[in-house]
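Line by line, the protein sequences are chains A and B.
Going letter by letter, the first sequence gives residues 1 to 255 in our numbering.
Going letter by letter, the second sequence gives residues 1 to 326 in our numbering.
None of these hints come from the bench; they were simulated from the model.
Hints should not be assumed to be uniformly reliable.
Partial pick of chain A residues on the chain B-facing surface, computed with a CB cut under 10 Å [to be verified]:
1. 5
2. 6
3. 8
4. 10
5. 12
6. 17
7. 89
8. 91
Model, not experiment: these values are computed from the prediction.
Even glycine gets a Cβ: it sits at the ideal position worked out from N, Cα and C.
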Amino acid sequence: MIEGSAVYVIVAREFKKFVRERSRLVSTIARPLVWLFLVGGGMSRLVPTGAGPSYMQFIFPGILGMTILFSSIFSSISIIWDKEFGFMKEILVAPISRFSVVVGKATSGMVLSTLQAVIILAFFPLLGLKIGILQVVGIVFVCLVLSFAIAAFGILLASFYESYESFSVIMNFIVMPMFFLSGAMYPVKMMPTLLQVFTKVNPLTYGIDALKHLIFPNETGALGADFPFIVDVGVIIIASVVFVAVAGKAFERKG
Amino acid sequence: MIRVENLVKRFGPVVAVDGISFSVEPKTIFGFLGPNGAGKTTTISILCTLLAPTSGEAFINGHDCTAESASVRRSIGIVFQDSSLDKDLTARENLLFHAYLYRVNASERNRRVDDALKFADLYERADDLVKRFSGGMKRRLEVARGLIHRPKVLFLDEPTLGLDPQSRSNLWEFITRLPKEHDVTIFMTTHYMEEAEVCSRIAIIDKGRIIASGTPGELKKIVGGDVIYLKTSDNRKAAGEIRRLFQIEAAEKEGEIFLSVPRGDSVIPTLIREIGECVLSVRMQRPTLNDVFLKLTGKEIREDAAAAGDDIREAVRSYRRRHDRG
Chain A
1 MIEGSAVYVI VAREFKKFVR ERSRLVSTIA RPLVWLFLVG GGMSRLVPTG AGPSYMQFIF
61 PGILGMTILF SSIFSSISII WDKEFGFMKE ILVAPISRFS VVVGKATSGM VLSTLQAVII
121 LAFFPLLGLK IGILQVVGIV FVCLVLSFAI AAFGILLASF YESYESFSVI MNFIVMPMFF
181 LSGAMYPVKM MPTLLQVFTK VNPLTYGIDA LKHLIFPNET GALGADFPFI VDVGVIIIAS
241 VVFVAVAGKA FERKG
Chain B
1 MIRVENLVKR FGPVVAVDGI SFSVEPKTIF GFLGPNGAGK TTTISILCTL LAPTSGEAFI
61 NGHDCTAESA SVRRSIGIVF QDSSLDKDLT ARENLLFHAY LYRVNASERN RRVDDALKFA
121 DLYERADDLV KRFSGGMKRR LEVARGLIHR PKVLFLDEPT LGLDPQSRSN LWEFITRLPK
181 EHDVTIFMTT HYMEEAEVCS RIAIIDKGRI IASGTPGELK KIVGGDVIYL KTSDNRKAAG
241 EIRRLFQIEA AEKEGEIFLS VPRGDSVIPT LIREIGECVL SVRMQRPTLN DVFLKLTGKE
301 IREDAAAAGD DIREAVRSYR RRHDRG
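All chains should be built: construct the whole structure from the sequences, respecting the hints.
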């Protein structure tokens with residue numbers, strides 16, 4: 001059972017804290033822009049892409065995915081902070097189901113990440129891309145489902161860690177590989193077979209692939225999408241449900 | 001209101017709670033008294049449904065703490081040993097969060113939050129971030145928060161830990177008003193003997209077992225009666241008079257004579273009336289709960305506590321790290 005008022009208040013709290021902490025907003029917006037313009041801009045000269053999108057344009061869906069990855073994981077990792085500083089007890093002892101807690105936290109991640117992804121999306125004219133209103137609607141939809149799935153995955157991670165020293169472990173050994181093995185910086189079909197296996201179990205891959213469908217609808221070559229759009233969205237939604245269910249169970253356990 | 005039967009909790013090889021039973025009447029203050037590591041917090045965690053007992057039963061307001069955790073959670077409020085406020089939110093926001101979490105009616109919500117702020121004497125600071133509050137203010141806010149959903153039982157786990165004496169006595173005054181003003185039963189733990197005096201009933205717990213229980217008065221009877229100390233102009237004459245009047249021996253120590261009696265307050269008036277002209281000063285010492293603990297366990301509640309308690313705490317913590325990642 002999921003309690004609406006509990007989900008609402010968990011989201012409201014995260015939102016309020018996010019608005020108060022301006023430095024967090026600045027850093028989560030700055031990181032993707034640095035990658036887009038410094039890495040993307042630099043590599044564009046090095047990587048000839050022929051008639052299709054330029055390299056900087058090609059990584060744009062990946063950069064949106066990166067924004068969502070980092071901000072969703074960060075949002076979920078706040079659970080570890082809540083445990084460390086005691087606030088989690090206030091939530092855990094309340095007469096609400098663990099699923100409400102997980103759904104509330106995942107929804108917070110979804111709302112905040114999509115908001116940030118939309119800010120990054122607004123930079124598309126600078127890249128010489130043409131994106132129509134229908135595409136924007138589609139992109140926002142994909143951002144919502146993707147960030148919910150990633151946030152739910154983050155909660156699952158957070159349920160296994162007690163202290164925030166583990167934060168850097170998560171960042172270096174889970175988040176960064178997830179980013180590089182997602183087709184964000186290079187097409188999945190160009191990767192060695194072994195790495196392709198990792199790519200295919202990475203939910204972020206399907207999110208970025210769906211964004212490629214929407215941003216480059218006519219691109220069918222190496223730089224285009226790898227999987228059918230319906231598969232992308234299906235995989236993300238199934239992943240969300242699985243992560244929420246498992247994270248809920250992980251929270252349910254008692255000592 | 002609370003009934004516990006034969007409760008046992010083991011963390012691997014460590015037995016934190018070793019078969020305790022007790023019950024608490026509605027609208028009373030029940031004190032759980034013992035050194036650190038005696039099993040107080042573990043017991044509270046079981047009653048609050050945060051831990052499952054190894055064996056035994058616990059009921060709150062008629063609900064089973066293991067099988068009906070949702071009903072139990074609705075019936076209780078808790079103030080944990082370590083603060084569980086969000087320091088980056090304001091006092092009002094912390095209270096509102098709680099009101100939503102416990103699904104307080106929208107029409108009631110703001111009124112109850114305002115009442116709680118006034119009750120905690122924090123109304124003027126309602127919109128300040130909690131991180132700017134003093135320890136005493138945070139505790140009052142936590143107690144007030146625990147009452148927002150009108151629980152039947154309020155748990156206070158070492159509520160005065162880490163507070164200065166002034167805040168401690170303020171908080172006690174605040175807590176002792178609760179049963180009457182909020183129709184709530186209070187279950188508190190403390191390792192400060194003097195604080196347990198406000199309880200209607202006390203259970204003394206040591207090494208996971210209840211070694212004595214009763215009202216503070218009953219417990220003090222375990223150590224015997226009051227001791228009256230007298231300074232007189234002629235100690236030998238006074239001692240002789242006392243022997244004649246009460247048929248008890250008065251011993252002399254460091255220029256004072258002293259006598260043990262069951263009820264000092266009724267003996268002193270007779271004493272003054274009969275031998276008043278030679279009495280220079282009189283004082284009476286009542287047994288404290290500290291004496292009770294000393295008598296029962298042969299050790300002071302606080303000194304030993306640090307060492308032994310920390311061991312158990314560490315063992316429990318490392319066990320939980322390994323087995324309970326929730």
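Hints, verified against the model:
no.: 1; hint: 5; verdict: holds, 5 Å
no.: 2; hint: 6; verdict: holds, 6 Å
no.: 3; hint: 8; verdict: holds, 7 Å
no.: 4; hint: 10; verdict: holds, 8 Å
no.: 5; hint: 12; verdict: holds, 8 Å
no.: 6; hint: 17; verdict: holds, 6 Å
no.: 7; hint: 89; verdict: holds, 5 Å
no.: 8; hint: 91; verdict: holds, 7 Å
When the structure is compared with the earlier hints, no violation turns up for any of them.
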